[in-house]
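*Asks:* Spelled out from the first residue to the last, the chains are:
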Amino acid sequence: MKKILQTALILGLVCVVAAFSLALVNQLTQAEIERRAREELELALKQVFPQAEEFKEVEPEGLNLPWERENFSLLQIFVVQAAGERVGFVFEATSTGYGGPIRLLIGISSRENELVGIQILDHQETPGLGSNITSPDFIGQFYSKSLTDPFTIGEDIEAIAGATISSQAVTRACREVVSYLEEVENL
Amino acid sequence: MDETLVQIFKIFVSAALVDNIILARYIGLCPFIGMSSSLANGIGMGMAVTFVMVLASIVTWFLWFFILLPLNLEYLRIMVFILVIATLVQLVEIVLKKNVPNLYRAMGIYLPLITTNCAILAVTFFGVDYGYSLLEVVVYSISVALGFTLALVLLAGIRERLRFSRLSPFYQGYPIAFIATGLLALAFLGFKGLV
Amino acid sequence: MKNLWSYFKNGIIGENPILRLMIGLCSVLAVSVRVENCLAMGAAVTFVMVSSSTVVSLIRNWVPSQVRIPIFIVIISTFTTVVDLVMQAYLPSLSQAMGVFIPLIVVNCMIMGRAEAFASRNPVGLSIVDALGMGVGFTLVITAIGLVRELLGYGQILSIPVFPEHYQNMMVMVLPPGAFFVIGVYIALLNRFSRRSK
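Residue numbers (the working numbering), protein chains in the order written: chain A, 26 to 212; chain B, 4 to 198; chain C, 74 to 271.
Simulated from the structure, these hints should not be mistaken for laboratory data.
Treat the hints loosely; a few may be bogus.
Unchecked claim - Think about it this way: if two alpha-carbon atoms lie no more than 25 angstroms apart in a straight line, the pair counts; the simulated SDA-like pairs of lysine to any residue are:
hint: 1; chain 1: A; residue 1: K170; chain 2: A; residue 2: A107
hint: 2; chain 1: A; residue 1: K71; chain 2: C; residue 2: Y163
hint: 3; chain 1: A; residue 1: K81; chain 2: A; residue 2: P175
hint: 4; chain 1: A; residue 1: K28; chain 2: C; residue 2: L112
hint: 5; chain 1: B; residue 1: K195; chain 2: A; residue 2: E93
hint: 6; chain 1: A; residue 1: K81; chain 2: A; residue 2: S135
hint: 7; chain 1: A; residue 1: K28; chain 2: B; residue 2: Q93
hint: 8; chain 1: B; residue 1: K195; chain 2: C; residue 2: M244
hint: 9; chain 1: A; residue 1: K71; chain 2: C; residue 2: L167
hint: 10; chain 1: A; residue 1: K71; chain 2: C; residue 2: Q169
hint: 11; chain 1: B; residue 1: K195; chain 2: A; residue 2: Q55
hint: 12; chain 1: B; residue 1: K13; chain 2: C; residue 2: Y163
hint: 13; chain 1: A; residue 1: K71; chain 2: A; residue 2: E57
hint: 14; chain 1: B; residue 1: K100; chain 2: C; residue 2: V140
hint: 15; chain 1: A; residue 1: K170; chain 2: A; residue 2: E57
hint: 16; chain 1: B; residue 1: K13; chain 2: A; residue 2: L100
hint: 17; chain 1: B; residue 1: K13; chain 2: A; residue 2: R94
hint: 18; chain 1: B; residue 1: K13; chain 2: A; residue 2: K81
hint: 19; chain 1: A; residue 1: K28; chain 2: B; residue 2: L91
Said to hold, decoys possible - DEER-style ranges, computed between Cβ atoms:
hint: 20; chain 1: A; residue 1: E78; chain 2: B; residue 2: T90; range: 51 to 57 angstroms
hint: 21; chain 1: C; residue 1: Y240; chain 2: A; residue 2: I35; range: 56 to 62 angstroms
hint: 22; chain 1: A; residue 1: E57; chain 2: C; residue 2: L231; range: 33 to 39 angstroms
None of these values were measured; they are calculated from a predicted model.
Where is the CB? At the ideal position from N, CA and C, for every residue including glycine.
Next up, chain A with everything else stripped away, as it sits in the complex (with noise of 0.2 angstroms):
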C-alpha cells in the first residue's frame, strides 16, 4: 500500500512540475503569438487594399455571417476608411478548392464599385499546379475589376493551365462576394 502511493506521489509530482513549466512557457509566449497573427491579418489586408488607412472588423448583426452558398462561405467583413471616410469593403471567405478550402481575402472599393485585391491566406491545393493560385499571373487578373463583369473562367479569367478547379474556386468566391453586395443593401 504504501509503495503504491509513494509512486502515485512521484508520477503527481511529475506531472505537476511539467503543467507548471507548460503554463509559464504559454504565459511567456502567448502575447507573441497573439501580436504575429494580428499583425499577419493587418498586412495581408493592407496588400488588399493598399490605400486604406485603417480597417474596422463589422459587427456581424444583420448580416447574416457566416453567409453560407454552395462551396463557399463568406466569413468576416472588415470597413476600410481612409482619411476618416468609408472607401470598401474586405470579406474574408473560404470556397472549397481540388484539396479543401481555400480562406482568402477579397477587397472591393465600394466608390469605384470595382475590385481592388485579393490575397490567398491558406489552401491545400496540389502543388505546383493548383498552388499557382497565388501568383500574381493569375491574381493579377482580377485587379480592377469591375464589379458588373460576370467573373467568369472561360470569358473574363483565365484558368491555370491543368488547375480549373483551383481557378474556379477563386472565381467562385469573387462571384459570391458581388451578389452577397446585392442582396444586403444596408452594409
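With chain A held as given, fit chains B and C onto it using these hints.
*Replies:* For chains B and C alone, kept in the frame of chain A given last:
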C-alpha cells in the same frame, strides 16, 4: 437528415481515400512498414488500430470540449491526449485479456505498439481541430482507421508476392516496400478532387 | 574522449534511427519537401531528444519502474509543447509549414526508444552525447532527403534557384509518392555500400 447523411459520406470518402492517413498524409508509417510483411499481420494491426482510434477520439473529444477549452488549458493538449491514449491502450489490453480472449489473441500483440503510433494521436488532434460534432468524430475516426487498414492490407498483399520475385539484393525488404508504397500513393492521388 | 565520440557516431552511422531502425519516419517524409523545413525539424527533434534524455537520466534513480513509461511520456510531451509554442511565437511560417508534425514529435518512437533504452540506464553526460548523436543522425538523413526533393521538385535549394529557368519541375517529388521513392532508394544505396565495406 439527408444533409447529415451527405456530410457523413463526405467525411468518410475524404478520410478513407482522398486524405488517406498513410498514403497522402504520411502519418502512421512505422507500424505500416513494420507490420505489412504478411496479410495476417496487416489485418490484426488494422483491427487494433481501429478499436483504439475510435475510443481515443471519443474520449479526447469530451476532454477537449468540456475540460481543456472551458479552462483555457489548450497548451496541455499534447500531454493530455498522449496520456489518454497510453492509458486507454493499457485498459483495452487488460479488459480484452480477461473478457474476450479470442480477440485478444488476434490483436493483443499489436496493442503495445499502438501507444507510439502517431496515427492515433494525429486523428485525435484533427478530430478537435476540424470542429467535428461527436457523431462526426466517430465517423471520421472509423473512416481513417479503415483507410489505414486498406493501405496496410494492400501493401501486405504486394509484399507477399514480392518475396517470390527476383530483385536486386539491395532492394529486398524495406527499400522495395517503400517504392511499392510510393506507387500506391501515386494511385491514390487519383482520388484527389473527389470531394 | 574517444569513447564519447563512438557514442556520438553510433547515432549517425551504426544505429541511424531512420535508415537502420525504420523509426521516426512520419515526420521525415512529410516535412522533407524543402531543406529549410528539414533543418528546422531536425533542430526541433534534437532539442526534444537532448532535453528529455537529460531529464530522464537525471531522475533515473528515483523513478519507480512501474510508472516509468508514463513519466517519460509526460517529460517528452512537455518539451514537445515547449517547441511547439516557441515556434508558433517566433517562427510562425515554419510552424505553419510543418503543421501537425511538430506536436507529433511526441510520438516519435526514436525519442521514447532512446529514453527507455539508453538515458534511463546511463549517466547524464553519456545520455546527452547519445541523444545528440541520434538527433544529428536524424537531421542528416532528413536533410539529405529534402535536398533531393527540393532540387528535383522545385529546382531550388533553400529556396534559391539552382537550375536554369527552363527546368521542368518534377512534381512527383513534391507529392507523397516522391518521398517514398527517395527514401527507398536511399536505403538501397546504404545496403549496397555497407555490404561492400564488409
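*Asks:* Work down the list of hints and note, for each, if the structure agrees.
*Replies:* Hints versus structure:
no.: 1; hint: A:K170 x A:A107; verdict: 21 angstroms, holds
no.: 2; hint: A:K71 x C:Y163; verdict: 22 angstroms, holds
no.: 3; hint: A:K81 x A:P175; verdict: 29 angstroms, violated
no.: 4; hint: A:K28 x C:L112; verdict: 45 angstroms, violated
no.: 5; hint: B:K195 x A:E93; verdict: 24 angstroms, holds
no.: 6; hint: A:K81 x A:S135; verdict: 15 angstroms, holds
no.: 7; hint: A:K28 x B:Q93; verdict: 21 angstroms, holds
no.: 8; hint: B:K195 x C:M244; verdict: 15 angstroms, holds
no.: 9; hint: A:K71 x C:L167; verdict: 22 angstroms, holds
no.: 10; hint: A:K71 x C:Q169; verdict: 21 angstroms, holds
no.: 11; hint: B:K195 x A:Q55; verdict: 37 angstroms, violated
no.: 12; hint: B:K13 x C:Y163; verdict: 37 angstroms, violated
no.: 13; hint: A:K71 x A:E57; verdict: 21 angstroms, holds
no.: 14; hint: B:K100 x C:V140; verdict: 21 angstroms, holds
no.: 15; hint: A:K170 x A:E57; verdict: 38 angstroms, violated
no.: 16; hint: B:K13 x A:L100; verdict: 22 angstroms, holds
no.: 17; hint: B:K13 x A:R94; verdict: 17 angstroms, holds
no.: 18; hint: B:K13 x A:K81; verdict: 36 angstroms, violated
no.: 19; hint: A:K28 x B:L91; verdict: 24 angstroms, holds
no.: 20; hint: A:E78 x B:T90: 51 to 57 angstroms; verdict: 55 angstroms, holds
no.: 21; hint: C:Y240 x A:I35: 56 to 62 angstroms; verdict: 59 angstroms, holds
no.: 22; hint: A:E57 x C:L231: 33 to 39 angstroms; verdict: 26 angstroms, violated
Checked against the numbered hints above, the structure violates hints 3, 4, 11, 12, 15, 18 and 22; every other hint is satisfied.
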